[in-house]
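J.: Chains as they are written, first to last, in our numbering: chain A, 1 to 296; chain B, 1 to 296.
One thing to keep in mind: the hints can contain errors.
[Said to hold, decoys possible] Straight-line Cα separation of at most 25 Å, DSS-like style, residue types lysine-lysine; simulated pairs: (1) Lys-49(B) - Lys-49(A); (2) Lys-192(B) - Lys-35(A); (3) Lys-258(B) - Lys-49(A); (4) Lys-258(B) - Lys-35(A); (5) Lys-192(B) - Lys-253(B); (6) Lys-49(A) - Lys-185(A); (7) Lys-94(A) - Lys-174(B); (8) Lys-192(B) - Lys-35(B); (9) Lys-35(A) - Lys-81(B); (10) Lys-258(B) - Lys-192(B); (11) Lys-192(A) - Lys-94(A); (12) Lys-93(A) - Lys-192(A); (13) Lys-49(A) - Lys-189(A); (14) Lys-93(A) - Lys-49(A); (15) Lys-280(B) - Lys-148(B); (16) Lys-93(A) - Lys-49(B); (17) Lys-38(A) - Lys-81(B); (18) Lys-189(A) - Lys-38(A); (19) Lys-93(A) - Lys-190(A); (20) Lys-280(B) - Lys-81(A); (21) Lys-49(A) - Lys-93(B); (22) Lys-253(B) - Lys-189(B); (23) Lys-38(B) - Lys-35(A); (24) Lys-35(B) - Lys-93(B); (25) Lys-173(B) - Lys-224(B); (26) Lys-173(B) - Lys-185(B); (27) Lys-189(B) - Lys-35(A); (28) Lys-190(A) - Lys-224(A); (29) Lys-173(B) - Lys-38(A); (30) Lys-256(B) - Lys-280(B); (31) Lys-220(B) - Lys-49(B); (32) Lys-192(A) - Lys-35(B); (33) Lys-93(B) - Lys-81(A); (34) Lys-38(B) - Lys-38(A); (35) Lys-174(B) - Lys-185(B); (36) Lys-274(A) - Lys-224(A); (37) Lys-173(B) - Lys-220(B); (38) Lys-288(B) - Lys-224(B); (39) Lys-189(A) - Lys-35(B).
By construction, these hints were calculated from the structure, which means they are not laboratory data. All values derive from a computational prediction rather than experimental measurement.
So you can see what is in the structure, the chains are spelled out below.
Protein chains: 2
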Amino acid sequence: MISESDILNCFQHLVESKKDSLVLVGSGDDAVVIKSQKNNLVHSLDISKIHTHFPDNSLPEDIAYRSVAVALSDLAAMGAKPSFITVGLTSNKKDINWYEQFTTGIESIINEYQIKLVGGDVTFGEINVCVNVFGYIDENILIRSNAKPGDNIYITGQLGRGRQGLIDWNNDKKSSFVQNYFRPKINFKKSKYISRLASSCIDISDGLIKDLGSICNSSKVGAKIFYEDIPITNDIDDLSYGDDYELCFTSPKIYKEKFNEEDFFLIGEITPGKNIELIKDNILVSLKKNGWDSFD
Amino acid sequence: MISESDILNCFQHLVESKKDSLVLVGSGDDAVVIKSQKNNLVHSLDISKIHTHFPDNSLPEDIAYRSVAVALSDLAAMGAKPSFITVGLTSNKKDINWYEQFTTGIESIINEYQIKLVGGDVTFGEINVCVNVFGYIDENILIRSNAKPGDNIYITGQLGRGRQGLIDWNNDKKSSFVQNYFRPKINFKKSKYISRLASSCIDISDGLIKDLGSICNSSKVGAKIFYEDIPITNDIDDLSYGDDYELCFTSPKIYKEKFNEEDFFLIGEITPGKNIELIKDNILVSLKKNGWDSFD
């Protein structure tokens with residue numbers, strides 16, 4: 001039987017114990033001490049659970065990577081620059097290789113985004129990864145509640161790739177979509193650019209319709225979106241599936257020329273109404289009242 | 001079936017959404033934005049899991065209270081003042097009352113310590129509470145690695161009450177010890193006082209012997225402690241059981257008169273050796289080599 005310290009040893013090389021510009025006291029003490037910065041701290045927490053958030057047969061390195069990526073996505077949605085993370089890992093695996101592979105996934109993503117793992121906890125039980133992400137605000141804070149009627153609505157990428165990736169994985173089919181599902185890329189460069197120009201922003205984790213609904217709810221507005229303008233992978237269900245971790249944001253029309261068509265997809269506009277209208281072939285195909293939680 | 005938003009609604013009154021001196025953007029967005037302070041930020045994370053960290057028949061309000069308390073204990077061990085928390089709750093309960101009672105426990109402890117709940121996440125599964133605590137350093141940072149030979153060793157309270165509380169709970173016996181187990185008090189007043197005078201500090205979560213062992217390992221020293229000087233509840237096993245969340249700290253002899261006997265129990269001294277010696281009736285009863293992880 002492997003012990004807690006065997007598992008913690010797998011993480012040791014990722015947790016800087018020496019003092020540096022950010023971490024004053026690191027691994028090996030009761031808590032980590034982080035040098036306070038002039039910029040405001042942004043924090044979010046995401047739980048990723050087996051069965052619910054990833055399939056039972058997921059690879060440990062993919063579980064690790066994906067759990068951190070989906071948490072980082074919340075920082076991008078706020079216009080924050082990621083800085084450090086902590087990981088609370090619950091796992092019932094008894095093979096130390098599983099933990100080593102898990103830490104490989106952690107290492108891969110912290111290297112990719114140039115962030116630090118500063119602490120965590122491990123315990124035995126059904127696989128459950130609680131990831132805490134921390135970042136700082138360089139430019140403006142992006143919130144959900146500031147969309148105004150007349151603002152344009154944009155998304156940053158194609159929807160439905162994550163959904164197709166999960167289908168391919170479940171059918172033992174190798175495809176680039178599988179990578180989209182397990183290793184979504186969080187676009188902090190676009191997030192930073194948007195932060196200067198957007199009136200509201202959210203990450204598309206629960207599906208465009210629900211997440212745009214959250215912007216509308218928070219901003220007390222409606223929206224009209226055009227099916228033909230939305231880049232999708234398969235069909236209309238890509239609009240409500242989620243797992244893409246692209247950004248959906250609104251911006252005053254005055255900034256329209258700031259958004260090139262290759263990186264930012266203009267899909268509609270904010271209305272003074274209380275509904276989200278989806279237009280397809282010039283016909284209104286869906287009209288949902290706000291209060292979106294009840295629809296999912 | 002209750003929905004995620006039903007559960008989140010239970011927490012809503014505890015999460016301040018309006019801006020204040022600490023929280024710039026609160027509940028309802030992707031992440032919380034915390035005003036950066038001049039003092040350094042201290043952060044710790046603790047997972048509390050059913051079966052492992054509390055009994056299956058624990059009350060939801062006790063699970064909530066205890067999960068936060070044991071996480072706060074890490075801040076006290078660092079000499080930090082608690083400021084805010086986030087809670088990642090996994091639960092398989094389908095009765096909304098369970099979540100309401102859980103939030104009652106959260107409310108009780110955040111009011112007691114005058115801290116804020118600033119965010120969190122909920123998901124469905126085996127009960128697992130991932131608590132993130134954040135605080136700021138007012139005085140000195142208390143670390144584990146600075147104990148010196150000749151320093152006195154103190155603890156802040158009686159050991160074994162938590163252990164007896166769990167026994168009483170399992171035997172359906174009402175006693176004040178049950179309260180000690182489910183609602184341990186974290187003494188930030190003593191922690192602050194100690195922070196000016198201590199050379200090292202740890203909270204006694206895993207048992208005095210193991211936790212003092214961590215100080216010795218980190219500081220590369222040994223220790224000699226006297227059984228008759230250690231306030232216990234039952235027997236010698238109270239030294240290795242844990243669940244008390246008192247502090248164990250070391251301090252140079254020069255400060256001895258600063259520690260009154262009612263609040264601080266002098267139990268021994270740091271030695272230049274590599275072992276922890278436990279003396280009982282003037283006889284050496286236990287001599288453990290460092291490398292404590294292998295003993296528990």
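J.: Does each hint hold? Answer for all of them.
T.: Taking the hints in turn, this is what the structure says about them:
1. Lys-49(B) - Lys-49(A): 14 Å, holds
2. Lys-192(B) - Lys-35(A): Satisfied, since the Cα-Cα distance of roughly 20 Å is no more than 25 Å.
3. Lys-258(B) - Lys-49(A): Violated - the C-alpha atoms of Lys-49(A) and Lys-258(B) are around 49 Å apart, more than 25 Å.
4. Lys-258(B) - Lys-35(A): 31 Å, violated
5. Lys-192(B) - Lys-253(B): The given pair, whose Cα atoms are some 19 Å apart, holds under the 25 Å limit.
6. Lys-49(A) - Lys-185(A): Holds, at about 20 Å.
7. Lys-94(A) - Lys-174(B): 38 Å, violated
8. Lys-192(B) - Lys-35(B): Holds: Lys-192(B) and Lys-35(B) sit about 23 Å apart, inside 25 Å.
9. Lys-35(A) - Lys-81(B): 15 Å, holds
10. Lys-258(B) - Lys-192(B): 14 Å, holds
11. Lys-192(A) - Lys-94(A): 42 Å, violated
12. Lys-93(A) - Lys-192(A): 39 Å, violated
13. Lys-49(A) - Lys-189(A): Not satisfied, since the Cα-Cα distance of roughly 29 Å exceeds 25 Å.
14. Lys-93(A) - Lys-49(A): Answer holds: Lys-93(A) to Lys-49(A) is near 14 Å, not above 25 Å.
15. Lys-280(B) - Lys-148(B): 23 Å, holds
16. Lys-93(A) - Lys-49(B): At roughly 16 Å apart (the allowed maximum being 25 Å), Lys-49(B) and Lys-93(A) satisfy the hint.
17. Lys-38(A) - Lys-81(B): 20 Å, holds
18. Lys-189(A) - Lys-38(A): 21 Å, holds
19. Lys-93(A) - Lys-190(A): 38 Å, violated
20. Lys-280(B) - Lys-81(A): Between Lys-280(B) and Lys-81(A) the Cα gap is close to 56 Å, so the pair fails against 25 Å, i.e. violated.
21. Lys-49(A) - Lys-93(B): Roughly 16 Å between the alpha carbons, so the hint for Lys-49(A) and Lys-93(B) holds.
22. Lys-253(B) - Lys-189(B): Distance ~22 Å between Lys-253(B) and Lys-189(B) Cα, so the pair holds.
23. Lys-38(B) - Lys-35(A): 9 Å, holds
24. Lys-35(B) - Lys-93(B): 35 Å, violated
25. Lys-173(B) - Lys-224(B): Given pair Lys-173(B), Lys-224(B) is violated - Cα atoms ~36 Å apart, limit 25 Å.
26. Lys-173(B) - Lys-185(B): 21 Å, holds
27. Lys-189(B) - Lys-35(A): Holds, at roughly 24 Å.
28. Lys-190(A) - Lys-224(A): 23 Å, holds
29. Lys-173(B) - Lys-38(A): 53 Å, violated
30. Lys-256(B) - Lys-280(B): Cα-Cα ~23 Å, so holds.
31. Lys-220(B) - Lys-49(B): At roughly 33 Å apart (the allowed maximum being 25 Å), Lys-49(B) and Lys-220(B) break the hint.
32. Lys-192(A) - Lys-35(B): Since the Cα atoms of Lys-192(A) and Lys-35(B) sit roughly 20 Å apart, the hinted pair holds (cutoff 25 Å).
33. Lys-93(B) - Lys-81(A): 36 Å, violated
34. Lys-38(B) - Lys-38(A): 8 Å, holds
35. Lys-174(B) - Lys-185(B): Roughly 19 Å separates the two Cα atoms, so the pair holds.
36. Lys-274(A) - Lys-224(A): 11 Å, holds
37. Lys-173(B) - Lys-220(B): Judged against 25 Å, a Cα distance of about 43 Å means the pair is violated.
38. Lys-288(B) - Lys-224(B): 11 Å, holds
39. Lys-189(A) - Lys-35(B): The hint holds at about 24 Å.
Violated hints for the displayed structure, listed by number in ascending order: 3, 4, 7, 11, 12, 13, 19, 20, 24, 25, 29, 31, 33, 37.
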